[in-house]
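Novice: Read off the chains here:
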Amino acid sequence: MTRKRMIHAINDALAEEMERDERVILIGEDVGASIFGDTRGLLARFGPRRVRDTPISEALIGGMAVGAAAAGYRVVCHLMYANFVYTAFDAIANQAARLRLMTNGQIRLPVTFIAAGGGGRSNAGQHSDYPHTAVAGLGGIYVATPATAGDAKGLLKTSIRADDPVFFLQPTSRGGEMGEVPDGDHTVPLGKGRVAREGGDVTVVAVGAMLRPALRAAETLAQEDGIEVEVVDPRTAFPLDETLILRSVGKTGRLIVVDEARRAGSLAGPIAALVAEKGFATLRAPIIPVTTRNLAIAYAPPLEKAMIPGPADIAAAVRRSKETTT
Amino acid sequence: MTRKRMIHAINDALAEEMERDERVILIGEDVGASIFGDTRGLLARFGPRRVRDTPISEALIGGMAVGAAAAGYRVVCHLMYANFVYTAFDAIANQAARLRLMTNGQIRLPVTFIAAGGGGRSNAGQHSDYPHTAVAGLGGIYVATPATAGDAKGLLKTSIRADDPVFFLQPTSRGGEMGEVPDGDHTVPLGKGRVAREGGDVTVVAVGAMLRPALRAAETLAQEDGIEVEVVDPRTAFPLDETLILRSVGKTGRLIVVDEARRAGSLAGPIAALVAEKGFATLRAPIIPVTTRNLAIAYAPPLEKAMIPGPADIAAAVRRSKETTT
Amino acid sequence: MIPNDPAARSIDLLRGMLTIRKAEERLARDFKAGALPGPVHLYIGQEAVAVGVCAQLDARDWITSTHRGHGHFLAKGGDPRAMFAEVYGRSTGICGGFGGSMHVADVSKGILGANGIVGGGIALASGAALAAQLDGAQRVGVCFFGDGAAAQGVLSEALNLAALWKLPLLLVCENNGFSEFSPSSGVIAGSIAGRAEPFGVPGRQVDGNDVEAVAEATAEALERARGGAGATLIEAATYRIHGHVEGEHAFLKTQYRADEEIERWRGRDPVARFAATLVERGTLDAAAVEALAGEIEAAVEAAADSAAEDPYPEPAELDRHLLGAA
Amino acid sequence: MIPNDPAARSIDLLRGMLTIRKAEERLARDFKAGALPGPVHLYIGQEAVAVGVCAQLDARDWITSTHRGHGHFLAKGGDPRAMFAEVYGRSTGICGGFGGSMHVADVSKGILGANGIVGGGIALASGAALAAQLDGAQRVGVCFFGDGAAAQGVLSEALNLAALWKLPLLLVCENNGFSEFSPSSGVIAGSIAGRAEPFGVPGRQVDGNDVEAVAEATAEALERARGGAGATLIEAATYRIHGHVEGEHAFLKTQYRADEEIERWRGRDPVARFAATLVERGTLDAAAVEALAGEIEAAVEAAADSAAEDPYPEPAELDRHLLGAA
Ligand SMILES: Cc1ncc(C[n+]2csc(CCOP(=O)(O)OP(=O)(O)O)c2C)c(N)n1
Ligand SMILES: Cc1ncc(C[n+]2csc(CCOP(=O)(O)OP(=O)(O)O)c2C)c(N)n1
Ligand SMILES: [Mg+2]
Ligand SMILES: [Mg+2]
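Protein chains in written order, with my numbering: chain A, 1 to 326; chain B, 327 to 652; chain C, 653 to 978; chain D, 979 to 1304.
Derived from the structure by calculation, the hints contain no laboratory data. Any given hint could be a false lead.
[As the list claims (entries may be wrong)] Some chain A residues close to chain C (C-beta under 10 Å, calculated; not the full set): (1) A68; (2) G193; (3) R194; (4) V195; (5) G199; (6) L215.
[What the hints assert, rightly or not] These stretches of chain A come out as covered by chain D in the derived footprint (C-beta under 8 Å, 3 or more residues): (7) 45 to 55; (8) 105 to 116; (9) 119 to 127; (10) 286 to 295; (11) 301 to 311.
Glycine residues also receive a C-beta, built at the ideal position from the N, C-alpha and C atoms.
Next up, chain A with everything else stripped away, as it sits in the complex (with noise of 0.2 Å):
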């Protein structure tokens, strides 16, 4: 295990697949720059062959890196702020999460799309989207949403070598967090989430960023209330890991879900479908979606700390939920 900023994670993660698979390429705009950090030095160590800064041409460089998967490299496509997936919508949507269903898997595209997201830094309406599932709902590509520096390594190391596309978003805010990451080929599958914290009484599902306010509202609950509350972390928005969210709220019977993404764009949607089906007969209480309101962030701060949810959001839905009896 090394401490490590997530950001250094994700370059780390970058570097060694690159290093593994000469086929492995990176391409977006201003990698050799790197205003995250994610890319920084890979420009230097591994050529601008592989390496490429590309103009400001999402829709472009989106489909390039379909075109050059289906003919056989592994693409890393950085679209920097999550929002540009926007831009870029059209190769995702149309062209990279269905090529493998229309050509009867004759197509399959080992290609990876890398934004940040998420609020918290007044960057305001246009650069703090959570855009996970816009890009889920298309159903053919996996939806990674890392909230460690460790799983945002190992999550995105598999992301490069799976065969199918990958859209890996990590939290904008996060980035400097530190975290442990296991030393080694640390690989984290696509599709099982982890539970962050054990508990017997409320199950919280915290996705991406949500992850560490789970956690500290957890601390607060157990402190203060005596509540147990099991931390869910899906860590892949798209495929969910069914088995492990049924599993928590089979034991709690209560379940919160707490997702940075606007109320009618979050994951509350598809994980109370999922529970509310085949986890019903062990819901002892309302599900609670705790999310950001249905609107783009604002750039003041108190309304950007006012739209985006805390600890204390979270530990007041949980008690809210303990205090439901059916």
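Chains B, C and D with the ligands: place on chain A using the hints.
Specialist: For chains B, C and D with the ligands alone, kept in the frame of chain A given last:
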């Protein structure tokens, strides 16, 4: 009341609104020729100033609709097949859906994006999406999903008059279906669903094109099983008519959500989240989603038929729901 | 691949065009007979472009195509029987019946697929060209697209990047005068070929109904591309004799082109014209041309008849394409 | 709006540039002091473009701007105090603190807003130009965008449509040599101005550090636009003296431009240069220039100081922007 095809009801709505307000304009690819028939005759009637055939440039025309609306017009932007909403997605997601918030209400956008979605005609993987939830998840744009000729007309007229953006998603395969259209200036509010069939046993929320098979299933169930299904048509995917859905589930205690979209991107999510939170106490059985699988629609008729929910799938889900006792 | 003997080579060109022509005439009859599940866009009249270009390519070169993709598929070596089976939606189709007419692909032949998204192939071909460049084996990426597609911004994005990176890319615009039902003059400003020049990419205009002229222009562009000098845009002037989509008269209320125009272009039929040239040159006599046409027609009809007997795919086959499935 | 007296007019130009310069120097200090909630992209060095163009416009003309939008906002008549308050995230900000630096807009002045999406303003301005054309009142739409944005395909889409429809559109490309940290030579092939010509749109290059040259080129383009002859693309060569974003040295590991380059361009400072011209011409003496600068600085500082005292918006204000809210 007049019996009309849905596509003609939409045509009437467009013509009436263009007649009513000369600031209404229509732009889109081949809106003159009109492949669906919904814009037929409008170019001849209102002239090339207000009805404009555009080049194949969805990113541009989506954004132009926003700009012209900000500058004082009521714009209808026809995107043809709903999959092309992805080509225009940046304009909708990063601009249309958030300018109101980002400008603190200085910019309100009377713009209606209209497109035809869904499968049923072997149009295959890039012409059969029903992408209402990807747009609903943006939060700043109404999403209308008319199921009948009357609602298509009423919702479209309201959409055009609205001061905020609307995505109006008509079902490709249902345009030819006849329905009753109220005479006169028929409008239907955005955000208000309706009970399409009353029943006390099970609630079936059926979205857009799924209303008809749901009603057919309800007839079968009444005749063959003595089960009285309440069929609810949400009419808008965003915002949802929460009161109506909760009231129906409050009565029946059982809920099926039928949506032609892929499971991960269907309204089964948001509706389950709503009911599992606010209607939990009244729920007596698992919420059962009836959707397509997490795949693009396949071409061959037997595949397409197997993917898109039909009356038998809906009836089976209802029976399953009735059998569950808790 | 390319025979050395000029006579044999030109007979191959004729054979290629006749194969497309006969195959599509069959599809036109099939459509009229109601035997096709979905829409088909026929290439009749444009054969010289696909054949002229593809005659210069070998199997390791990549192509991307359009909604009007049968000609490109066949010219690049796609199997007619597998194409018919695909258009008929059979499990023996080149895409197992999953893709249909708009998605015929054969990766083993370098055919990355027809594409239902206008302009969608441009980015894919650019990516394939990037892969080709990385391979360092003098492969190229070739993109066929229409005049209507030239309005999609991704074309300029590709011109820009191809110029900067000297991508081995060939952009082949088939200017058939129409974008669906809109004459090009209404949707395309100025010159398409001319749009390449400001990027430093050569833009050439060629008679798209003269297969040898197309082949020659292609050879020149390929020399440039394989020699590392970068991309070329070829604009081939041609005409589609059939409608935009078979059966369009059923829904179009007005005629969008004059009968004389069609007749004028029939007079420049690329197949008849080249046959006449070969007769004139003494390469073949009229009887030999007839024999060749008859032989090809028989083969094509046999392929189609046999494909029509094949079974439809089973819905269970869909499972194979679910994410996570091997 | 535009004074008739040439001397008064040129003093206004200087005043306009000084206002931007002083305002941004204040923001640069604010940023260093940690007083700004989010990122700011400063316009210092490019003032002649915004001022030269906007001096020719009146309040009914529309502009769209970029992430580097303070200069355009102020030049088009936006209120400095309301801009400071916005960048400070205060409720008195021009967007109530909801938008921030990247979204300053004042619709009453024809400012449709800065835009965080590179190239996002191009389609919006085209739409505004369409509205202007429909109004028939000789208004125009003006789009400011960067050299980096010229790589976005929507530019070619706009050139195409503007040519076809003769839109009263002015596309002003500020070529400051960089796209974030990428020098233009690496991301822009050939000539930007030249890209307009194949569409039949005039493309002009102008010294973007010469405010009168910019004004003159604008006047010509406006005459064309207001006279119904259509669009013009102006490429203004300029340089940003500050970084891409304030504080970039904290995250960039390598220098992306030479100090001498910056110094060379400082020597062509558009504000100092025009002040010198006015002194040379005898329009103002050196003392008067100094007095003007001092007066403007004092006004700007007072505006900023006062804005900094304003309250933040209340989270409850978010409700106003929820869909369905009036
Ligand atoms: C992104 C997108 N927009 C619109 C369409 C609908 N559409 C299908 S073909 C076509 C016209 C294409 O014209 P062109 O590129 O000239 O090709 P042609 O049909 O003439 O071969 C249009 C608008 C589409 N398939 N994809
Ligand atoms: C669609 C999109 N892609 C990428 C970015 C990130 N980004 C912000 S500014 C910028 C460079 C813009 O360069 P240019 O257009 O020349 O403007 P300048 O910064 O030089 O004024 C980039 C890539 C963005 N904001 N939007
Ligand atoms: Mg065409
Ligand atoms: Mg720049």
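Novice: Are there hints from earlier that the structure breaks, and if so, what are their numbers?
Specialist: Violated: hints 2, 3, 4, 5, 6 and 8.
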